[in-house]
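**Student:** Fit chain B to the given chain A structure using the hints.
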Amino acid sequence: MSMELIKPGINIDFVGKMKYAIAFSTILILIGIGSVIFHGGLNLGIDFAGGSIIQVKFSKNVSADQIRASLKSTKLENSTIQQFGTNEFLIRTSESFSDQKMLAANVEQPLSAAFNKDYEIRRVEVVGSKVSADFTRKAIIAVILSWLAILIYVTWRFEFRYAMGGILALVHDTLIVIGAVSVMNMEFTINILAVLIFVIGFSINDTIVTLDRIREIVKRNPKQKLGDIINSAINETLSRTILTSLTVFFTVFALYIFGGAVIRDFAFALLVGTVIGTYSTIYIACTIVLFFENLQLSKMKGKK
Amino acid sequence: MIKSLKIRLAITTAVCLVALYFLVPTFITQIPSPWNNYFPKDKIHLGLDLQGGMHLVLEVDADKALESMMERTANDLKESLMDGKVRFRNVERAKGATISMELTEASSKPALEKILNEHYPDLEIASSVPHDNGQMVNLKIKDKRAIDLKKLTVEHSLETIRNRVDQFGIAEPEIIPEGDNRIMIQLPGIKDPERAKTLIGKTALLEFKLVDDEHSLEDALRGNVPEGSTIAYGLREDRTTGQRGSTPYLLKSKTLLTGASLETAKVQISDRFGEPNVSIKFNSQGAADFDRITTENVRRRLAIVLDGVVHSAPVIQERISGGQAQITGNFTMDEARDLAIVLRAGALPAPVNILEERTVGPSLGSDSIHQGILATIIGSLLVILFMIVYYRLSGAVADLALTLNILLIMAVLAAFRATLTLPGIAGMLLTVGVAVDANILIFERIREELRTGKTVRLALDTGYNRAFITIIDTHITGIVAAIVLIFFGTGPIKGFAVTTIIGLLASLFTAVFVTKVIFDYVTLNFKIKKMSI
Chain A
165 MSMELIKPGI NIDFVGKMKY AIAFSTILIL IGIGSVIFHG GLNLGIDFAG GSIIQVKFSK
225 NVSADQIRAS LKSTKLENST IQQFGTNEFL IRTSESFSDQ KMLAANVEQP LSAAFNKDYE
285 IRRVEVVGSK VSADFTRKAI IAVILSWLAI LIYVTWRFEF RYAMGGILAL VHDTLIVIGA
345 VSVMNMEFTI NILAVLIFVI GFSINDTIVT LDRIREIVKR NPKQKLGDII NSAINETLSR
405 TILTSLTVFF TVFALYIFGG AVIRDFAFAL LVGTVIGTYS TIYIACTIVL FFENLQLSKM
465 KGKK
Chain B
6 MIKSLKIRLA ITTAVCLVAL YFLVPTFITQ IPSPWNNYFP KDKIHLGLDL QGGMHLVLEV
66 DADKALESMM ERTANDLKES LMDGKVRFRN VERAKGATIS MELTEASSKP ALEKILNEHY
126 PDLEIASSVP HDNGQMVNLK IKDKRAIDLK KLTVEHSLET IRNRVDQFGI AEPEIIPEGD
186 NRIMIQLPGI KDPERAKTLI GKTALLEFKL VDDEHSLEDA LRGNVPEGST IAYGLREDRT
246 TGQRGSTPYL LKSKTLLTGA SLETAKVQIS DRFGEPNVSI KFNSQGAADF DRITTENVRR
306 RLAIVLDGVV HSAPVIQERI SGGQAQITGN FTMDEARDLA IVLRAGALPA PVNILEERTV
366 GPSLGSDSIH QGILATIIGS LLVILFMIVY YRLSGAVADL ALTLNILLIM AVLAAFRATL
426 TLPGIAGMLL TVGVAVDANI LIFERIREEL RTGKTVRLAL DTGYNRAFIT IIDTHITGIV
486 AAIVLIFFGT GPIKGFAVTT IIGLLASLFT AVFVTKVIFD YVTLNFKIKK MSI
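Taken in order, these protein sequences are the chains called A and B. Mapping of the first sequence onto our numbering: residues 165 to 468, in sequence order. Mapping of the second sequence onto our numbering: residues 6 to 538, in sequence order.
The shape of chain B in the complex, shown without the other chains:
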């Protein structure tokens, strides 16, 4: 240890001052004007269990993204094959993310390979078997590319969700990837968890499709869905009865335009009923496409489909060239606002599933923090009282160190913007126990040495030296165990481990270093014959 008492005193004072510096914003809410520039801004962050909020773990279904990509690729491939004059039958997406097709002439395989090489570098032939006169061919995405695509899908989802949450306006959200395909979201202090979940989890795939008026809807509903068309439903709510029902539509499968071509979306109040609707504006490419689509299909109906649900299917009265459109439906103001947000932020590239959800109401959070703090204070007071009764003035020195220990833990939490959770408070309480243990070890040793008739100075030094080895061992085993927990534990356990590690390190400083400084200072400056221990 450092010999010079002056240097040790200086270190102790410096550490106390730094700790207090970082705790200023936690304890003083309003720092008067010229001073507030000199202090940190961060209070101790409270975990969701203490301040209320929502914790979500989402899983991005990246396989679905691959499947829908293959769906589109299969359609494109048909056109490429026709352009290349390759004769084929039944090109369609098969199980998983593969495309199955039949070449009617075996000799056209090289032509297929050429097309794949030139236009579809991500695809490869998984298998091909002779069939009749031709070949049955299975196509799949190259493995490396599939992994890249999945990774991109997750990154894109993360970005989209971050955009949505930002636009929704939640203070200090935390959105981080977890593992390969998971996203962890923490929204502190959220008032309406259901609404936030809908906003985050909605795929928000906006599609424009033509209504198939050439075929009979009734026929299709009976099971005879014509090639190239699908059935989709629109939700209807009867204004007067409030009853919900669904209306079937027969739509062309081909998507003419998607939400990816949007420039912006905002809420508007319609003139006639004062109802909110969402007005969308296409980007320049989208506007041109929309112009062309409306020109070619005047008098036909264009369905606006969001996540597979038909919102409206108005008749195209005339060519629309401004690139503007409205999505109407029975929206409440909140629903319209949220829809505008998700449309602006873009669609999720793949559906997401909620794997884990923890929502704590603000009232429970504040109950928990009051009880947690109460328990910590009472527990600490009991220990402080016990130490003074049992070890008298030496006990008071240990108590001083203990208080400093708790302040240090809080200062480190504030400085590193770590979060204080309920298990974290428990961890703090436990380090109080360990810190006191260090002092008990030292004091018992000193008593032993005093009993053998040593002077106060000598008993102090040998007592500290002997106990130090033991204290180091107990602290390091504790830290080793806690580090394992940080790596392998999950949320709450991590909070417990983090405060425990900080507390153990702080306790090495306060219970050993600081108390020794105080004892040395007192014994060197006053003539102490008998120790109060």
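Just chain A, with the same shape it has in the complex:
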């Protein structure tokens, strides 16, 4: 006997539980929006807000307060200092040091004075306001265009209402991942943007598999009610949906645990995205296909 996580012939009434799903999603999205408002907007990283990041590793025990004290009366006085692994710290400031001597005067000299030479500057990133404005514009265009491109492709391969189902599920996923990033008070960086785009790809991948099955059953039994068709399509593909999500979850989890501090936020957002992407395929995309179907039906009835 082969191993089966999901038994064949499983028949869960997904469609019947859609109202709960809608309520659940709405709550998640509202929490996300609430968190963004509460935090006074997204915690934008220097890629989008401009500024500097300096990553310093010390060869002995040092606390964030000691570092803050050493930077007093420099331009980095009001910077955020965040521990980042053992004796490693991120110093973040909205100041962008375009002048070459600034970094030396504001970081190296005070640090050397306080900690001798027991430190190493491992990374410096400076993004000026012109570049960050560019990044922001390009990021928004990239996300929206990738939605549009997928919308066009799915409309061409399937039908418009299927495409709408897929796209709204993507918007749903994007909003929830952004919300999760905000709730955790993580920085919204270019890497998080990459996650959003991955989630878009992963979620549409999942959605298409289910839509494909719906289309296939519609061809087989054109008379059947769409609600029932959707239910059997989800059930028939459930095994594959869960398996694939699990494997992706494994790989991302490995990234989260072993990928190191630089990649941890990235991996966390990916984990959220993987779970939400799977959930939205089953509940959101199909709900919207059904909604458009009912809309069409009632329009047709209205005409009669």
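Source of the hints: derived by calculation from the structure; they are not laboratory data. Because the structure is a prediction, the values reported are computed rather than measured. For every residue, glycine included, the Cβ atom is placed at its ideal position computed from N, Cα and C. It cannot be assumed that every hint is accurate.
Now the in silico label distances, taken between C-beta atoms and shown as ranges [unchecked claim]:
| hint | chain 1 | residue 1 | chain 2 | residue 2 | range |
| --- | --- | --- | --- | --- | --- |
| 1 | B | Asn358 | A | Gly249 | 30 to 36 Å |
| 2 | B | Ile274 | A | Asn280 | 32 to 38 Å |
| 3 | B | Ser9 | A | Ile406 | 34 to 40 Å |
| 4 | A | Arg232 | B | Lys48 | 41 to 47 Å |
| 5 | A | Arg428 | B | Glu97 | 58 to 64 Å |
| 6 | A | Asn280 | B | Ser289 | 53 to 59 Å |
| 7 | A | Ser258 | B | Lys48 | 38 to 44 Å |
| 8 | B | Gln172 | A | Ala278 | 55 to 61 Å |
**Tutor:** Just chain B now, kept in the frame of chain A:
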């Protein structure tokens, strides 16, 4: 799909061999002598985030170049007007890149137009209004010409920076223009980022100007700067105390000679103190000019000004005809060497601003790559284990395809000299997920078909055919989204998108084509009654 199993087997083998061929230099560092000629030389290029280095985006301030050009033009124009006997007042560069002037007689406007036409084809009259008995005239550069000049300025800057970086000696630098007026510079493995930034960003405008000894410096410092002179400062460092200060000089505004007349520059050690200085040699025109300047100004002081800072102002003792001079100052050996490089490579035609800088130390880079590779290996192992446990021998076939997929991605990266970055590793990890998904789709279909009582052969064929449509759709949507990212994304996102596209294309081949070849080969050559799936 191609019917003949033999041809399909041949294709699979060929692709594997080509992939291995391109990966040889990545995996084997020292290829023994007669063989190394037959293999490619390129290893997989690691991004700056993985191997350490510096990424800079500079903006060329082309408007400044236009302004200083207009400054010079205004001076030339004065002489042309005098030569043409046109009466004028107050010719000077005005706001932006324009020249404002006053013609004292309205009737001389045609004469001005004639001079402009003959000697200054780039200029046109932007406006002219009657003023007293004359005309207030505003001149500007023709729009089309201004655009050309800005473009030239950026190109020239790019060339100059490329020269400097080449002479500095950095392996595999990447210097490419970005947009209208930006330059992207990547310097892998650089040890001293501050020094590299100074070297690249220095305008390095070398000027020779006479010191104005006829007027009082004190007077000028109090605010009465005489017409035709400017105040400039020289940096002084006290040897014993190490204190820095600045010395003011009153210089004639007119630049007698610039670094453009240099033929070469090199570091020399002075005999007296063993201090490094930079010795410069003029080209033939420059040498002739220098000869004339020194002849006419014996006993006066000639200031050597670099980017507005006076380095020294020696007294001209006698006529200098060899075309040789020295720039002294309190240089360290590195500073002198870098100054010689920038003087040889020439001045930047316009100042540059650093818009973006990312520097990753080599130790962080190697940490990142170890962690990235570790995560990829562990993630892949988990998936491989899962597939074998869940799908048994079929799972093992899928695992084989997966391994080939990763090899293919790396081979394509090596062959096209693409760069592997941290987001790129993430992209690779994700295609592992998608590739496995393709096999899960196929296997679940085959299981469904087997459950309806079909034979192994039939279940295989229908399973593959049914799943194929879905797989194509999922892969193409992924590729479509990634292509959008390549066009609109920035650096790190591009790295992610590139590996994703390569990975998705590879997965179509490995997860669908290659696994089918293996299944077909096994079922046709051995009598398989029951499938291990």
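**Student:** Hint by hint, note whether the structure agrees.
**Tutor:** Here is how each hint holds up against the structure:
At about 33 Å, the beta-carbon gap between B/Asn358 and A/Gly249 stays in the expected band of 30 to 36 Å. In this structure the hint that B/Ile274 and A/Asn280 lie 32 to 38 Å apart at CB holds, the actual value being about 33 Å. Range check, B/Ser9 to A/Ile406: Cβ separation about 37 Å, and the 34 to 40 Å hint holds. Restraint check, A/Arg232 to B/Lys48: a C-beta distance of roughly 43 Å satisfies the suggested window 41 to 47 Å.
A beta carbon spacing of about 59 Å between A/Arg428 and B/Glu97 agrees with the range 58 to 64 Å that was offered as a hint. The supplied range of 53 to 59 Å is met by A/Asn280 and B/Ser289, whose beta-carbon atoms lie about 54 Å from each other. Our hint of 38 to 44 Å for A/Ser258 and B/Lys48 holds, since their Cβ atoms are close to 39 Å apart. For B/Gln172 paired with A/Ala278, a C-beta distance near 38 Å fails the hint of 55 to 61 Å.
The earlier numbered hint that this structure contradicts is number 8, and it is the only one.
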